[in-house]
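Chemist: Letter by letter, the sequence shown follows residues 1 to 566 of UniProt numbering.
If you're looking for bench data, these hints aren't it; they were derived computationally from the structure.
From a predicted model like this one, the values you see are computed outputs, not experimental measurements.
Any given hint might turn out to be false.
[Stated by the list, open to error] Simulated pairs of lysine-lysine, BS3-like, Cα-Cα distance not exceeding 25 angstroms:
id, residue 1, residue 2
1, Lys205, Lys252
2, Lys473, Lys402
3, Lys270, Lys424
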Amino acid sequence: MKDRRKRNVVSWIAIFWCTLLVLPFLLFITFRLFSGDSFQPELVHTRQTPVNSVVSDDSSVNFRYSVQETVTLPDQALVFINHPQTVRPFAIRDIACIYFAGNSSVPHKRRRRRPIGLDNEESLQKQIVRCPLPPRGSRVSISVRSKSHLRGGESHRWDSLAYEALMDRDNTTIVFVKGLNLRPERLTNASKFECVFGWDFRKVKFLLRSEVMSIAQEVARCRTPISLHGNPNRIHDAIKVSIRIKGGGILKSVARPLPLSESSAPPPRKPHEMCICTMLRNQAQFLKEWIIYHARLGVSRWFIYDNNSDDDIEDAIASIFSVKHNISRYIWPWIKTQESGFAHCALRARDSCNWVGFIDVDEFFYLPSGLSLLDVLTNQAKNTTVGEIRVSCHSFGPSGLKRMPPQGVTVGYTCRKAVPERHKSIVNPEVLNSTLINVVHHFHLRDGFQYVNLDRSEMVINHYKYQVWEVFKEKFYRRVATYVADWQDQQNVGSKDRAPGLGTKAVEPEDWSSRFCEVNDTGVRNLVLDTLTDSKTHLLPWQEEPSRGRRRVRKKRKHKGFLRVL
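Put together the whole structure using the sequences plus the hints.
Modeler: See the structure below:
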């Protein structure tokens with residue numbers, strides 16, 4: 001007994017001296033870590049993988065942020081960054097694209113490039129850095145203020161990927177996916193596929209699985225697992241969703257489901273009668289004319305899906321946005337996905353718009369009858385079975401011009417082809433078929449609903465398709481539709497979608513300015529000049545007033561005998 005007490009006394013004495021000696025050292029280390037002038041932040045990867053660390057001497061970069069993944073497109077790489085809601089997003093000047101060879105953890109010193117662009121999704125605390133393509137065998141990531149870098153997250157190919165997802169009001173999840181190579185406008189056997197939800201698709205036993213209810217083109221509708229019904233806002237940015245091919249593998253995914261609506265029923269009243277959805281790339285210079293013109297017709301809401309623009313489209317939208325011009329830009333970097341983008345937009349517009357028109361920025365509604373656009377919609381809505389209104393398109397040519405018309409496309413181009421080409425549609429988003437099948441020009445509707453073809457005397461679309469060569473040649477870059485071949489491809493060369501006689505190379509024909517001119521049509525031109533010209537400046541709303549210096553030059557030249565305004 002005495003020996004046991006003696007051993008206990010010795011143990012307590014050892015603990016006392018150990019604490020007395022070690023505790024001050026631990027306090028000193030803690031103080032040095034948290035009170036020093038410099039701080040080495042962590043860049044935390046959102047996937048369940050080991051944390052990557054950053055070496056940084058910049059005390060302003062003192063927060064945790066993450067690089068989720070990268071997606072390689074044919075002409076650039078997308079690097080997805082997450083940042084805390086309380087932290088201001090990076091500016092493009094703060095970021096450089098860096099490249100790692102093979103499995104190296106050290107970036108190549110000579111391969112530091114400026115980003116092509118930087119897109120902000122502030123509501124999602126997400127930024128997308130668009131970097132030049134990495135050299136073959138290399139990986140891309142980012143460097144922040146030249147002080148810190150992070151090895152990129154998991155890298156994916158753009159053409160085999162679940163890329164977007166929405167949680168619908170009926171407890172289903174819509175997954176937008178590439179790589180299944182399904183036929184256009186055809187419903188596919190859904191039993192061959194399965195939906196999977198999870199944080200890491202490599203850990204198969206931890207995945208939630210659900211039934212694929214329908215699948216067509218690039219859109220799958222899945223039953224949302226019951227465990228995810230509670231609070232969809234907490235799901236985003238944590239759980240991803242993808243498609244598993246039964247008997248095969250799971251497609252890679254960057255798709256994190258976004259909730260569409262808190263209600264399971266349509267709203268009793270919607271704020272907008274007529275909205276427009278478009279997908280564009282580098283069309284900022286034409287946006288103002290297109291929006292102001294359609295606002296005059298009665299459009300009050302625009303959904304712009306930006307497909308990797310690098311022409312300062314944010315500034316263009318900011319200069320137009322107002323109470324009359326309610327515009328939202330949605331970053332949609334996925335190429336060859338126009339049909340999916342329109343389906344995505346139809347769902348987003350459903351709770352706020354009675355009707356949604358799907359047209360391009362070079363397409364303008366025109367009502368020769370003199371009715372307003374809202375009058376036409378009201379008349380068609382009297383038949384409760386009408387779910388889609390189809391409008392014929394007239395294709396306009398360069399109209400003798402060789403340079404962009406200074407008063408805009410609606411005034412400058414007045415000569416068109418005699419026979420209409422195809423049509424575009426205005427749809428009621430509440431009555432779309434649950435498969436969301438569309439072919440850009442129209443959607444499939446639910447049973448019991450029908451489309452109507454408007455008479456051309458009531459409404460048409462002026463499609464300024466064949467503009468001056470400077471503008472038109474951009475169509476050779478890439479077409480946005482999934483099932484339309486790019487014009488540089490040796491495929492479907494004789495298609496009506498292409499410009500007749502041009503082939504596959506962007507070489508200007510000598511007679512380009514006089515082509516596609518069969519009917520002189522000044523209806524929209526006269527409407528614009530009569531109703532939108534400023535009585536004092538004689539300018540249209542999308543024209544910039546000349547600077548004072550420019551006006552002085554004009555006045556001086558006129559005084560010297562110049563009769564022509566330069």
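Chemist: Does the structure keep Lys473 and Lys402 at a Cα separation of 25 angstroms or less?
Modeler: holds, 13 angstroms
Chemist: Regarding the pair Lys270 and Lys424, is the alpha-carbon distance no greater than 25 angstroms?
Modeler: holds, 23 angstroms
Chemist: With the threshold set at 25 angstroms, check whether the alpha-carbon distance from Lys205 to Lys252 stays at or below it.
Modeler: holds, 17 angstroms
The structure fails none of the hints (numbered hints given earlier).
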